[in-house]
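Visitor: Next come the chains, spelled out residue by residue.
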Amino acid sequence: MPDLPEPALAREWLATMTLIRRFEERAGEMYARARIGGFLHLSIGEEATIVGSARALREEDYLISTYRSHGNALARGTPPEQVMAELFGRTGGCCGGHGGSMHMFDLQRRFMGGYGIVGGNLPIGAGIGLSSDYLGHDEVTLCAFGDGATNQGTFGETLNLAALWRLPVVFMVVNNQFGMGTSIERHSAVTDLRRKGESLGVPGMRCDGMDVLDTRTVVAEALHRVREDRRPLLVEAVTYRFRGHSMADPEEYRTREEVAQWRERDPIPQFAHLLEREGILDAAGREQIEHEAAERVERAVQFAESSPFPAPESLYEDVYVLGEQVHGRYHG
Amino acid sequence: MTELRYREALNLALREELRRDERVLLLGEDIGVFGGAFRVTEGLLEEFGERRVRDTPISENTIVGVGVGAAMTGLRPVVELMTINFSLLAFDQIVNHAAHVRYMFGGQVTVPLVIRMPQGAGHQLGPTHSHCLEAMFLHVPGLLVAVPATPGDARGLLKTAIRDENPVIFIEHESLYGIRGEVPDDEDACVDFGHARICREGSDVTIVGVSRMALTAERAATTLADEHDIQAEVIDPRTLRPLDLDTILASVRATNRCVVVEEGWPHGGVGANLAALISEHAFDDLDAPVARVSGADVPMPYSKPLEDIAHPHEPQIVRAALATLGRAEDSRTVGEAQGAH
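Chains as they are written, first to last, in my numbering: chain L, 8 to 339; chain V, 15 to 355.
No lab work stands behind these hints: they were computed from the structure. Bear in mind that the values here come from a model prediction, so they are computed numbers and not experimental data.
Simulated DEER-style distance windows between Cβ atoms: (1) His137(V) x Gly330(L): 34 to 42 Å; (2) Pro155(V) x Ala290(L): 54 to 62 Å; (3) Arg193(L) x Glu294(V): 46 to 54 Å; (4) His153(V) x Asn158(L): 24 to 32 Å; (5) Asn158(L) x Arg53(V): 32 to 40 Å; (6) Leu329(L) x Arg53(V): 29 to 37 Å.
For each residue, glycine too, the CB sits at the ideal point set by N, CA and C.
Chain V extracted, bound-state conformation:
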């Protein structure tokens, strides 16, 4: 085991897969000479050269489409979109081509393409640069979606993503790039998709946290234990498609209560979908409706105090958990900014 930062773990995964498989190549803006906007690809151009680590012009839709074409004809491209915000420009190639080519052409080709993109608010980047869009990708059949929250998972899931035959949307978190965590030394240490991680065991309430929210949920669980004598079970799904629903259901059947925490908008969000799935499969085991904590249902404002209340923090998670146990007066957390009313 080695302790690495999240961005270093990603760098390690890319380096290992580039070494392992000649067909892997990287495409993205400023990934080569600049070393990547978030330094994830630092040093890779030096080791692997321009043929395999390619700086692209600012042409998101076309870069993704080029990745699709290359993936259809024998390569294993890893496209970096500088942030998830710019993926909106590439939605045609992502949905109509990356996700659909295999199916619509009757299974004649695969599209083993990985599209990496960081997301997250909290740095006052304002409305067009603060999106959390995992729900939009989860929505699309044909795509796999990974949302690693730890360095170990970032490295392991990225390796799996690159080796997988399906197109993968690999969502990193801008605020996690600097966090440290244990990463196995084995260069074949992949983390399977569809296996959730139970971060913390507990029997009173299940909290599912997406991406960074898994870590925020862990801290909320500590607060719940210390201040309210509540033992929360925190689950990090790691991948949204495929989803390890079985682990989540097993937990909910034991705790009878569930909170889903995401940074994206509430309507049509990950929590909305998961709440529906839990209702369908474990209705009789629920002692309270599934609670959702999400980003506020507004464009992300620039001004610091507004931005702070427009995305979720520990107190909202604590309050939502208490509400499922009937121990909070105000259970509104869905898309509501704290203190806005």
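Looking at chain L on its own, in the form it has when it is part of the complex:
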């Protein structure tokens, strides 16, 4: 077993996973109460993948993800208030209410989105890697996407280009066993996703995406190698989402027994038990973590509820950057 980090950090990992879990549960409730509209893709069950990978990044490294990215933002440090307010479509949201659930973004913390199109973020991730390389910086980009995205054209195109140009990118396949409602056996001819980039020039590794320590260790290793060798790598994180693809998904494509089996490997109690066994966490500490997560989420909801909706006059803001060259009609 890889080494645990020092106790305070280990507890922080648990606390962050717990925060994400409580946040996502609450977001689901808010969606059911029509505080949140559109599509809502929850990360419940994937917390170890999210936190393990985020904690392998340095501050200057970039993270880019998909439409299932509330947890990514929270793990990078975006205040839950800003994430919840974005879900509520309020001005206090991290994107001022313009993006919503699928389009979170936090430049300050180098969380580069939040993209609604499956596979759409891969080229952007490569472009960020190109910037780092071009500017002579040693930061690395972690580009996360699902097993379904490995079938999008951008997967082949981007991995080829990244390998060719030696871009400093770790391509993380969050394999939660489903591309929307289609299981991996039914959507991918090659199910050993760790190997899916090999023919394109990107070797792969695998981690247990239900184990935050294993995920963190493997992703850290990948990031280190990419930083040193300046060549892309792929990491397959094997995980599972306990809820549907989105809140609108009736999950008719899998059995309750299958979900129950995976729930036995819930990453949060699994890690909590490990910390207890190692003497790093006691019942009081665990209680404290739960309590704080609940409080933080409650504050986030209150903030979101009281944050104003954007004014109608703001509809056209930020479509264009208007500088000194403002001539002519930009809109009609």
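Could you slot chain V onto chain L? The hints should help.
Guide: Just chain V now, with coordinates in the frame of chain L:
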């Protein structure tokens, strides 16, 4: 002033901006070693090296997406798509990302990306290689669209595009690459977006010509003057977004008649949009409906006589102008191939 060909003017603009700003880099298929399919990037690899002039694999959607990511993180990429036809492969990255990233992320980043692409029919390249799609890009909020018709404008607008913070669709014309024109020597000579060019003054009818059609319209204006004693005012919009509508409206208020000429398809085209805008703003000044001359509403055929009648030429522009003045029997020009009926 120096006389340069359109492609040389573009080359000059790229060279100047590459020298001026370390953050500028070029990405595209065959732009480096090959010097560019239309030789626009000739010599740039030799001067600036592989780091800044990058030959890419044939992966249009990803090349544009890479440009978006690089633009979001401090670079100023200029992506070349070999022709506008291949931009269809990249529409997801162009629309959902280049055009929308700034807005959907609440203004946290800009995307100072330029996507250059030539277009145009007339070389018998057939249906998949002859598109004129400026209307599709004009349609998308978040994008700026430039359609230079002269070497001077090509150079000046490209410089502005590269220096601008918005994503720019920079549409060149394959048939214009060889034309010559005056280009200022000042290496900071940018041409602003949203400023139309009045190519020829006149008081009888306004003709707005998009890209190459601005030059075709100028020739039609000469014919109108010589053979019909009609003085047409020809306007080259230079950019479709932002659009210098004020110059067009001022002209229409003076002439009371307008013809819009484009090579793209008629339905949902530039002319359709401009006709609506002119109706909205200058209805009382019009003595005739705004006429549209456009490419035929068909996939571009290969066979030469069909291709010839499927895209617009001078006679159609002359006929449309005459029709607005009540001096032509047959005013059908919208999307109709001449002689097809």
